[in-house]
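The UniProt record's numbering puts the first residue of the sequence shown at 1, with every later residue one more than the last.
Simulated from the structure, these hints should not be mistaken for lab results.
None of these values were measured; they are calculated from a predicted model.
Glycine is no exception: its CB is placed at the ideal position from the N, C-alpha and C atoms.
Hints may be right or wrong, so weigh each one.
[What the hints assert, rightly or not] Computed cross-link-like contacts, PhoX-like style, restricted to lysine-lysine with a CA-CA straight-line distance of at most 25 Å:
hint: 1; residue 1: K198; residue 2: K107
hint: 2; residue 1: K259; residue 2: K197
hint: 3; residue 1: K240; residue 2: K27
hint: 4; residue 1: K146; residue 2: K312
hint: 5; residue 1: K11; residue 2: K411
hint: 6; residue 1: K11; residue 2: K27
[As the list claims (entries may be wrong)] Pairwise CB distance ranges (calculated):
hint: 7; residue 1: N317; residue 2: K146; range: 20 to 26 Å
hint: 8; residue 1: R250; residue 2: E84; range: 30 to 36 Å
hint: 9; residue 1: S55; residue 2: Q6; range: 35 to 41 Å
hint: 10; residue 1: R194; residue 2: P337; range: 40 to 46 Å
hint: 11; residue 1: P337; residue 2: K240; range: 47 to 53 Å
hint: 12; residue 1: S356; residue 2: S5; range: 51 to 57 Å
hint: 13; residue 1: M336; residue 2: K146; range: 23 to 29 Å
hint: 14; residue 1: E97; residue 2: S60; range: 42 to 48 Å
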Amino acid sequence: MSVLSQDVQSKLRGIVDEYTTGGSESKIPGLVYSAFRNDGEPIFQHYSGLRGVTSESPMSEETIFFMASFTKLATSVACMQLVEQEKLRLDDADQVEAICPELRDVKVLTQNEDGKLELVEKVRRITLRMLLTHTAGFGYAFEDQKLAEFSRPIGFDDFSGEAIDTANRPLVNQPGETFQYGVSMDWVGVIIERTYKKSLEEVFREQIFRPLGMNHVTFHPSREDKSNLAYMHRRSPSGKLSTTDHFYRRPLLAQDGEKVPCAGGHGCFGRPAEFGRLISLLLNYGLDAQTGVRLLKAETVDDMLTDQIPDKPRFSNVSVPVAKPELANPTPLTPMPDDHTEGWSLSFSINHFPESTGRAAGSASWEGLANLFWFADRKNNIGGIIASQILPYGDALVLECSERVETEIYKALQV
């Protein structure tokens with residue numbers, strides 16, 4: 001694959017800058033875009049705008065983002081390393097319950113014929129594969145209306161930073177019945193910690209981040225990290241952006257060295273471009289090209305990039321309301337054909353159809369709540385990340401910018 005020319009890179013920078021510069025109150029304060037190949041080297045990288053609408057500090061390589069569900073990618077890699085070592089088994093419910101006895105007796109939240117919420121027994125047991133594929137039955141309170149209602153008047157906080165908010169919630173579907181995005185990967189993180197008898201921070205640093213040179217990704221942001229933190233923003237229904245408090249606060253309020261729970265589903269902070277090394281690992285079948293270190297076997301990466309729920313396709317055009325619109329917009333974010341489906345692997349989305357940008361069918365992708373998005377297209381050896389810090393999820397301008405840049409990259413590389 002050829003390197004992007006200077007003219008193309010200049011055009012790409014111009015596109016990103018369109019969304020971050022100018023006096024409009026709807027402009028995105030700052031963006032990071034990084035595209036790369038399987039060798040881990042960026043073919044395009046740009047830091048645009050400011051750290052916040054009320055900040056004078058430019059967006060830069062040092063800027064720290066709340067990476068949210070980008071964390072799930074690292075959690076899935078750490079989990080599959082243990083599967084390779086035969087310390088974990090994907091389809092062994094006995095093992096899951098031995099490691100996490102809390103999952104043995106978890107109930108299922110249902111709505112009876114009278115519309116009342118009630119808890120019933122689960123009809124099958126939870127496996128690690130179910131957790132990785134979001135078919136174990138868990139949900140998120142910010143998305144699932146019956147879970148949100150059940151938890152009131154106190155409410156479940158998906159981002160409290162406290163393990164009890166994950167441990168004390170019921171399922172919202174019977175295990176193995178359907179796909180629903182939820183806190184399953186937080187439970188995978190717990191399984192990893194209890195297997196290693198170490199925190200996820202230690203496991204990720206030893207098994208993933210240090211070997212890949214991801215030195216600025218952590219569950220526990222340091223004082224220096226906090227000084228470089230990007231501002232969180234909220235877009236009003238009118239389109240105006242304003243700064244708001246960070247909603248995942250526990251790690252940010254902790255003192256250096258203080259023990260804070262590590263959330264395997266959403267807990268990492270870091271420099272977005274560093275996640276490119278992890279995505280390049282997928283493109284290169286588990287081998288880090290820069291160091292020669294193999295983190296995963298090629299066949300494991302094949303499994304991780306294979307749709308695990310072909311019998312439960314995710315229809316892209318199905319309308320899904322949200323329980324907390326201040327955190328996420330209802331889907332679909334953009335209109336799709338009625339027959340457009342996606343799958344789910346171990347543990348990220350797999351597109352069944354080629355994308356209009358040029359992205360091939362079978363590519364992996366996922367996102368973070370504050371409008372961060374990544375993809376890995378092994379067929380064409382292209383990966384990409386766009387990162388912002390805006391709520392609610394599904395920001396139209398971030399999505400539009402991402403689509404335009406990605407389209408130009410594919411066009412320039414003639415794939």
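- Please flag the earlier hints that this structure goes against, numbers listed from lowest up. Of the numbered hints, 1, 9, 11 and 12 do not hold.
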